[in-house]
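The residues making up each chain are set out below.
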Amino acid sequence: MRFDYHTQYRQGFALLPHTSDRVLYGLLIALLLAVPFFASTYLLGELGYVLILCIAAMGLMVLTGFTGQVSLGHASFVAIGAYAHAWLMTQGLPFALSLPLAALISAGAGLVVGIPAIRVSGLYLAMVTLAFSIVVEQVIGLWRGVTGGFMGMLVPNPELLGLSLSSPRAFYYVCLFFTLAVLLALLNLMRSGIGRSFVGVRDSEAAAYALGIPVKRVKVGAFGLSAGVTGLAGALMAHHIGYLTPDAFTLLLSLDLVLMVVIGGMGSLRGAILGAILISLLPRAVAALKALLPDAMARQSGMEIFVAGAVLAFFVLFEPMGLNGRWLKLRALGESFPLYRRDTFRRQKSYMRSERNR
Amino acid sequence: MSSHLELFAQLTANGVAVGSIYALVALGIVLIHKATEVLNFAHGDLLVVAAFSAWALIDKAGLSFWLVLPLVALAMGVLAYGIDALVVRRIVGQPQFAGVMLTIAIAFMMRGLVSMGFGTESQSYDTPWTGSSTEILGITVADLSLVIMGSVLLIAALLWLFFRYTRLGIAMQAASQNQLAAHLNGVRVKRVNSLVWALAGVTAAVAGIFLAPITLVDTSLWLITLKALAAIVLGGFGSLPGAVIGGILIGLIEQYAGVYLMHGVKDIAAYLVLILVLILRPTGIMGEAHGRRV
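Sequences listed follow chains W and L, in order.
First residue of the first sequence? That's 1 in full-length UniProt numbering, and the numbers climb one at a time after it.
First residue of the second sequence? That's 1 in full-length UniProt numbering, and the numbers climb one at a time after it.
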């Protein structure tokens, strides 16, 4: 067991209150910084992709995990960010200016999609976002003048202050920088007044309203913020892919993002990152698994999607708190080791609750 | 008859035929949602499983269509019963979102199993009506479309009679209105809910068997779930007649949009309707007026 002894007021709201945390996270960051010096080019590219997915998952987590607004169409914001960034760069804007502008454009689209959230919620909102994502995919395919249509669009190489960022090593550092920046910004935002109003709207709209939180504005704002962060991930994704086509941003990407958030654990940024890592490693794991199987089974193509479904079903049924919940339980086990009681985290019996007459 | 009018009539006939399939899928989803408050995203994949099994039985095993239809319908009913009794029932009491995620997971697993078991290539099979057509009032309508319209109407009528006059149907209505009260009155709510899933599975099987010869037997058939959602929203969420009307309207809107509106609108017409209806009139055409349900 660990007891906190605070001698200064500021210690109460340190992000990492304990020395052990600081050492461990410091080591992690040092490791991430050192990776390019011994990893292969291929591995660096994959790691950069995982980091981009982490950003996108954090964006969705702000909306779904913290504000309680379900979105099944976040791939559309990834697409908007990617295409806006690529288009702005072909118009001659520098990388450093185009990236935030792409995020802003995506945030604007998010504000527009957020307006229906004032009127509809829950499943209905999920359907609106789903439909929006399909509409965006089609519009990108048809709007040839800007997006190149189904033929695709080449993304210019990124440059900063005359230095090319297109080498895998440089691009990995760019991704790492933005992942850490977004993580820090969201961590601090989520414990500020804004973040607490998000959580308030998630837990009870009526109570939040009674406490003077402008529920409508918070919902739309959460959509904007989430879409902005996801759009930033999309802009980075554009450089990772190199050549944009509409079928890179289908419904399956939306569902993958939702999978990351749910499997990671609702309402925690650590969960978003863990979920993004797990989901992006899943195809690799399946490929490795296939190598062990007999040839006839290994050639089947449906295994990736089957495994993804099985993992999701497993988490929904047996660990609704996700990877983050499992992590917290393991940590609690470690911290209170000899005194750990088996029933500490036992789930209570639950009954049917109707959402018809809210 | 002038060519404009003829085109319009032809579009209407096609629209009603495709819309009937949407209506059938929408019926299944609404049945499950009314009973268990789970929005079944796996419904389209039940349809895919049905279509592929029908293809395997008709084209590979050489069975007759009339034998395959009841066989696959029965098998899908059992499968849907099992899905509810073994998996979906376990998340009772968790938020609605958990149900969405669980059915998406089941959908993924079924889709994976189908492409592992039947391969990923598109297939097709013949029905007794393939290739023949009838001329009605100067427009040519494929016999298959007529059969589809007829069977959807028949299923809708049978469902109505079932819910109105049989003990089980009334028990299902009771369980969907108030589970606790139904339980206290001796309705076996769990079993009745699983039976509703089975019923929806049967409608999915029929829809799959009839849809596949029109398009192709393919895993992308599951996308019809999304069209059906648009139909449900347009008709008014939770209303069975609304689902049928909404389905047929979505079918018509798609056909008209393909010809009278600019290129590309046909593919997104259903989704635009969904967004507009939810924003402007969330209760749809036949939705219940009371309370805040959206």
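Everything labelled a hint here was simulated from the structure, so no lab data went into it.
Be aware that one or more of the hints could be misleading.
Stated by the list, open to error - Per label pair, the in silico range of CB-to-CB distance: (1) 191/L - 41/W: 57 to 63 Å; (2) 9/L - 151/W: 49 to 55 Å; (3) 206/W - 78/L: 41 to 47 Å.
All residues carry an ideal CB built from backbone N, CA and C; glycine is no exception.
Results for each hint:
In this structure the hint that residue 191/L and residue 41/W lie 57 to 63 Å apart at CB holds, the actual value being about 59 Å. About 38 Å separates the C-beta atoms of residue 9/L and residue 151/W, a value inconsistent with the hinted range of 49 to 55 Å. A hinted range of 41 to 47 Å holds for the C-beta pair residue 206/W and residue 78/L, which are about 44 Å apart.
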